[in-house]
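A.B. asks: Each chain, letter by letter, is given below.
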Amino acid sequence: MLCTILAFLLCVPSAAQTKLSHWDESLIHYAVIDSATGTKASTSLSATLSGVIVVPYHILISDVDGDRCPFTPTCSAFLMDACNQTNIFQGALMFFDRFTRDSNVFDRDEHYPVAKKRHRYIDPASNYRLRDSLIIIVPVK
Amino acid sequence: MRGILLAVLILSVCAVAQQSPLQSPEQIETFARYLFNKQDYLRASEQYQIVLRIKANDTIYELLSECYIQLDTVELADTYIAKISKSSIAARGTIERYKFLFRANRFSEIISGFENRRGLNDNTSRYIHPLYHAACIRERKTTRDDDVISNIFPSQDRDSIAYYRNALAHTEKRNPYIAALLSTVIPGAGKMYTGRYGDGAMACISTGLFTYLSIINFQHHHNTRAYIFSALGGLYYASNIYGSAASAQVYNAEYTVSVQTDFDAFIARKNCFIDENEIMGLR
Amino acid sequence: MKRTGIIFLLCAFSLFAQDAKDLLRRQYDYARALQTEGKIFDAVTEYERLICFDTLRLYAFDANKNIADCYRRAAQFKNAIRYTGQSIVCAKNQKTMYEQKTELVKLHILNRSFASAANVLHEIEQDPTFTNHSKEIHYWRGWMSLFQDDWEMAAREFAFVDSAAALGQFCLQMQEKRCPVTTLKIFSAIIPGSGQMLTGHVWSGLLSLGWNVLWGYLTFDAALANRAGDALLIGDLLWLRFYTGNIENAEKFAVEKNTLLFQDALRYLQDEFKGAKP
Numbered sequence: 001m002l003c004t005i006l007a008f009l010l011c012v013p014s015a016a017q018t019k020l021s022h023w024d025e026s027l028i029h030y031a032v033i034d035s036a037t038g039t040k041a042s043t044s045l046s047a048t049l050s051g052v053i054v055v056p057y058h059i060l061i062s063d064v065d066g067d068r069c070p071f072t073p074t075c076s077a078f079l080m081d082a083c084n085q086t087n088i089f090q091g092a093l094m095f096f097d098r099f100t101r102d103s104n105v106f107d108r109d110e111h112y113p114v115a116k117k118r119h120r121y122i123d124p125a126s127n128y129r130l131r132d133s134l135i136i137i138v139p140v141k
Numbered sequence: 001m002r003g004i005l006l007a008v009l010i011l012s013v014c015a016v017a018q019q020s021p022l023q024s025p026e027q028i029e030t031f032a033r034y035l036f037n038k039q040d041y042l043r044a045s046e047q048y049q050i051v052l053r054i055k056a057n058d059t060i061y062e063l064l065s066e067c068y069i070q071l072d073t074v075e076l077a078d079t080y081i082a083k084i085s086k087s088s089i090a091a092r093g094t095i096e097r098y099k100f101l102f103r104a105n106r107f108s109e110i111i112s113g114f115e116n117r118r119g120l121n122d123n124t125s126r127y128i129h130p131l132y133h134a135a136c137i138r139e140r141k142t143t144r145d146d147d148v149i150s151n152i153f154p155s156q157d158r159d160s161i162a163y164y165r166n167a168l169a170h171t172e173k174r175n176p177y178i179a180a181l182l183s184t185v186i187p188g189a190g191k192m193y194t195g196r197y198g199d200g201a202m203a204c205i206s207t208g209l210f211t212y213l214s215i216i217n218f219q220h221h222h223n224t225r226a227y228i229f230s231a232l233g234g235l236y237y238a239s240n241i242y243g244s245a246a247s248a249q250v251y252n253a254e255y256t257v258s259v260q261t262d263f264d265a266f267i268a269r270k271n272c273f274i275d276e277n278e279i280m281g282l283r
Numbered sequence: 001m002k003r004t005g006i007i008f009l010l011c012a013f014s015l016f017a018q019d020a021k022d023l024l025r026r027q028y029d030y031a032r033a034l035q036t037e038g039k040i041f042d043a044v045t046e047y048e049r050l051i052c053f054d055t056l057r058l059y060a061f062d063a064n065k066n067i068a069d070c071y072r073r074a075a076q077f078k079n080a081i082r083y084t085g086q087s088i089v090c091a092k093n094q095k096t097m098y099e100q101k102t103e104l105v106k107l108h109i110l111n112r113s114f115a116s117a118a119n120v121l122h123e124i125e126q127d128p129t130f131t132n133h134s135k136e137i138h139y140w141r142g143w144m145s146l147f148q149d150d151w152e153m154a155a156r157e158f159a160f161v162d163s164a165a166a167l168g169q170f171c172l173q174m175q176e177k178r179c180p181v182t183t184l185k186i187f188s189a190i191i192p193g194s195g196q197m198l199t200g201h202v203w204s205g206l207l208s209l210g211w212n213v214l215w216g217y218l219t220f221d222a223a224l225a226n227r228a229g230d231a232l233l234i235g236d237l238l239w240l241r242f243y244t245g246n247i248e249n250a251e252k253f254a255v256e257k258n259t260l261l262f263q264d265a266l267r268y269l270q271d272e273f274k275g276a277k278p
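Sequence order for the protein chains is A, B and C. Residue 141, in my numbering, is where the first sequence stops; the numbers in between run on with no holes. Residue 283, in my numbering, is where the second sequence stops; the numbers in between run on with no holes. Residue 278, in my numbering, is where the third sequence stops; the numbers in between run on with no holes.
Not one of these hints is a red herring.
Example chain C residues on the side facing chain B (calculated, C-beta under 7 Å, incomplete): (1) L23; (2) R26; (3) Q27; (4) Y30; (5) T45; (6) E46; (7) R49; (8) C52; (9) F53.
With a cut-off of at most 16 Å between alpha-carbon atoms, the simulated EDC-like pairs for lysine to aspartate or glutamate come out as follows: (10) K39(C) to D24(A); (11) K173(B) to D132(A); (12) K173(B) to E254(B); (13) K185(C) to D65(A); (14) K141(B) to E109(B); (15) K55(B) to E26(B); (16) K95(C) to E136(C); (17) K95(C) to D127(C); (18) K38(B) to E48(C); (19) K117(A) to D67(A); (20) K252(C) to D65(A); (21) K39(C) to E25(A); (22) K95(C) to E125(C); (23) K21(C) to D54(C); (24) K185(C) to E248(C); (25) K39(C) to D29(C); (26) K177(C) to E256(C); (27) K135(C) to D162(C); (28) K252(C) to D67(A); (29) K252(C) to D63(A).
Distance windows between CB atoms, simulated: (30) R131(A) to P25(B): 56 to 62 Å; (31) Y177(B) to A31(A): 51 to 57 Å; (32) V89(C) to H58(A): 53 to 59 Å.
Treat the hints as calculated values from the structure; they're not laboratory data. In this text, a Cβ means the ideal position worked out from N, Cα and C, and glycines have one as well.
Could you build the full structure based on these sequences and the hints that come with them?
C.D. replies: So, in structure tokens, the structure goes:
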């Protein structure tokens, strides 16, 4: 009796697995889904004031005159980001400085990395907040 | 009763027979090695976990830790390195772990791990010491051993290490205040000081142009236009001063990134100052 | 008791007594069962185990083929392509090799690596051992063009295949529905804003027309009043900006509309089309 019970116990498999991340079946999509992420809207006074200038500009001018800006984010988006991240005064100074850099057509390839999509020069507002820790440098290839 | 017992026995045997037939301990270990060589570390780690239940030894612990290092789960790797009893094999696992942390730019973990002697003894500390100092240089952190740093690295590399240490300790190549002051005196000069010659020229031209237009319009008594041009000129002037200071900071950040990239490549070429033959000889 | 023990031992022996080939066959069956149940990660592990111990490579083709199928089901096309390539090397005969090459083409199409798909189709076409497959080659070339939004080329390829007449008709309909990008740009060049309006963006077209009329009027007004500098500034900085922007927008809206059409067509083919597809 004991032998048969022992034999039974020995035969029962002890299956156990450790899992880190097993993949599973996934739906195949013929159509490519392009997930565009929008920037989070801010409710600060600076953001509202900059929005009052930028949104009508987008509707009346920017959407009509084509993709002019060689940078990403565009100058108007840069103004919005600058005002969101700092205040209206510092944001305005950052914007006019960006406008000066936009006017210089000569040595952009030396100083700005290029975004693969739509070939735009990467120039985020965080690099000009006068705070070392916020500067993001992408090596120019 | 006997019939029921027999039926149960036969069913359980049938159930076992439905499992993968190639499940002897030797076969599982062979399969684990095959997966490891194929760099399928997730499956290899799972097979080694099964092997571990049958026979636990230092080699299995070492291979498991290597799998988890490759899968970027260093904490799990640490638990298996800690179980290795033979110090030489544990040393190899620990060294691989620290090398991985350096390649992954996790310098603060190297520094805190070395200073807290995490997984280290006198033998392994000897190999990790140069990596620890390289991580400190990278993080621009000074240590007690800074004066004796030359004894830690090979003689042919001491000059390079000293160069990188000094370069990363003094990354403020352009002073933002000087840049702002230069632009206050001559619009655009601050930008040229930081190497942005085109931007400096444009700042000078735009400020000059709006100032000129403002003066001309005041002279011709077109006051509204004159005030608009004055305001724009003033904004361009102020933004040029601000932008020059920001440009100096960006210059310094670009310099730092360039030196850090060179330093990382240097350490990679030197294989983190670890002699692989010496490590493999640890038995 | 003794009899029970003997019967048990005989059962166990009969179930476990095996030779190496039997072991491999059972391993293959086990892996196949996992695959059928949908446990594809574990199925790949068991197929890898089979390959590891199959020194005579009796199951190399089937194992690689099924691993590729598992990766395909997980939408990991690069891995599926790799294992399909390995199964081609181990193919048992020309028929299975051809089937796997066709599978490789389908995987390249799904992976959007069209150059590689074209290469494989070219290889099949040039291979003298694969005769009487020209219709299939045209069929998959059609699908390749379809996935690249080239409906005209797709319709031309499907015209060679009798059974794909409906698909060819569908491609022609899609081609007709598409916005002609160059034509709309020309319309916008002649009448600013017309291209945008024809793509359904009426407000954008009217705004574009308005700006162009305004700056055009001011430019001519300055030129007629002999204010050359003003005319040049307004013409260059304002009128030209909005004029070129108008043409760019006509192109952008037409391309956007065509992209939406393309995505909808692909979704329709994925869900509704019942014939052979990637």
